[in-house]
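Protein chains in written order, with this note's numbering: chain A, 28 to 266; chain B, 1144 to 1436.
Just so you know, the hints here were simulated from the structure itself, not pulled from any lab data. Please note: incorrect hints may appear among the correct ones.
Below, simulated BS3-like cross-link-like pairs (lysine-lysine); rule was C-alpha separation at most 27 Å, straight line [claimed, not checked]: (1) B/Lys1370 - B/Lys1401; (2) A/Lys107 - B/Lys1166; (3) B/Lys1267 - A/Lys107; (4) B/Lys1158 - A/Lys107.
A few chain B residues that face chain A, going by a derived Cβ cut-off under 8 Å, partial list only [what the hints assert, rightly or not]: (5) Glu1196; (6) Leu1227; (7) Asp1253; (8) Arg1257.
All C-beta atoms, glycine included, are put in the ideal place defined by N, C-alpha and C.
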Amino acid sequence: MLAIARTELAQIFRNRLVLVTSFVIPVAVSAFFLYRRDVFTEVASGGYIAAIVMFTVGAFGLYTSIVTTLAARRQNLFLKRLRSTAQSDAGILAGLVAPVTVLALVQLAGILIVFGLVAGRPDNPLLAVLAVLATVAMMLGLALATAGVTNSPEHAQVTTLPVSLGVIGVASWIGITGTEQLELVKRLLPGGAATELMLNAWNGGVALSDSLFLLAPTFAWVALAVLFASRMFRWEPRR
Amino acid sequence: MSTTPVIEVERLNLKYGDFHAVKDLSFEVRPGELYALLGTNGAGKTSTLETVEGHRVATSGTIRVFGRDPRDREAVRPRMGIMLQESGFSPDLTVRETVGLIGTLTRRTDSADRVIDVVDLTRKATTLVGQLSGGEKRRLDFATAIYGTPELIFLDEPTTGLDIQSRDHLWTAVDRMRENGTTVVLTTHYLEEAQQRADRVGLMHQGVFHHEGTVAELTRTLPAVIKFALETPAPAPPLPAVVEPDGSLRVETFELQKDLRLLLTWAEDHALDLRDLSAGPTRLDDVFRAIES
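All chains should be built: construct the whole structure from the sequences, respecting the hints.
Shown next as structure tokens:
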């Protein structure tokens, strides 16, 4: 698995398109939110900015990159090549997604720490870490599921849009309007509970037990995505 | 050397929807032999090969490689090398990185530079795979298959796209491995390669074996052909001959040497010149053409 991860990392830095999609776009968007934090804090809250940053990196840096990578590796039969070795399927997948996942976590950590330093630290940093980890797990699951229905890297530009825009839209909606109304709907939407968790972690004012309960819908999305991926994921292109 | 078959296939069936690609196929590959799996287009040989390699799941039947299910990668793959029909390499990795990665994942021990040298790609070791020619990619594929000198190698169309020098190079490497006991399973469209090198041949047509045996056994199923033309008028030849559209005569025989001698003696006795005389043993190409027709 480490051997695959090592070469995957090398490929990320050699492919400009992946580099721009994975790093430049999420970092630029996050920098914009941090730069205009006064405006966004006025509209919503500091927790909202943290949630938007989390889902921007999650959607573009992690989710889209993984779907594109897996589709590309399948299309050029690299997945089949890896399966002609002694490596297990789980090991292959882990090796392929590990570098992007670690880089997304490093990006998130860096951006949120900077945000905490310039705009005030979160009320409960550990809860914020939990929100990030739960979001990363959900986006990973959704990426594996989406890769199952994505035929090529070009096709990924279309298939990743609903989830990418969806989770950022849900995070914006909940971040700005809160959960006083349509609470159940907002929590059940993908990313809804994780957004609320980040809002609670950053803004405070909610009992820890009420916040931890929000992990359940997020992990339900992870389970659903993994179930879908286990049925739909393909290792070779359709013939 | 052990006589237990390296590969055992029993009543293999493969279906894609309603299409029955492989029907009740049974064969075995013995240690150290070169087994050529040949077939007409769409015969099911790639499906069979990929199932034996563990890339596909059989609809029914039993497959054993080294006595194990070929999908048990951890147990089987360290002992086998696979040269795929299509390359399947990442264009953003160098030749050395690619060989190193695949080699490491096979869990065999070797040096990437050694196998790169065997396939004559040393000058390209730091070149990205995306910049290699088709022939160079085939050689890279071969390098990953022979990394760590496995006990069994699958060669799927190994010389397609290779120039003559590269082909000779590849076969020299295969011959060297066979001297050390490596078993080889080959598919190829270059029938002369199979004819020259295969210990046994499985000849597939429409999902079943049309013939299986040594090259000699296969070619023995068809008569050899003697072709010649005569100045007219000439006496009737001593063997039954068919007149071809171009006016030449065609004799089919299962006793080539005896009948050829008879024909030459007859021509000498009658002071005849056998124009455009050609004679040769039956080749795998002839068996193929007979199946396809």
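A quick look at each hint next to the structure:
1. B/Lys1370 - B/Lys1401: Holds - the C-alpha atoms of B/Lys1401 and B/Lys1370 are around 15 Å apart, at most 27 Å.
2. A/Lys107 - B/Lys1166: 25 Å, holds
3. B/Lys1267 - A/Lys107: 24 Å, holds
4. B/Lys1158 - A/Lys107: 20 Å, holds
5. Glu1196: Nearest chain A Cβ about 7 Å off; hint holds.
6. Leu1227: Holds, because the Cβ-Cβ distance from B/Leu1227 to chain A comes to roughly 7 Å (cut-off 8 Å).
7. Asp1253: Nearest chain A Cβ about 13 Å off; hint violated.
8. Arg1257: The hint is violated - B/Arg1257 has no Cβ within 8 Å of chain A, the shortest such distance being about 18 Å.
Hints 7, 8 from the list above are not met by this structure, while the remaining hints are.
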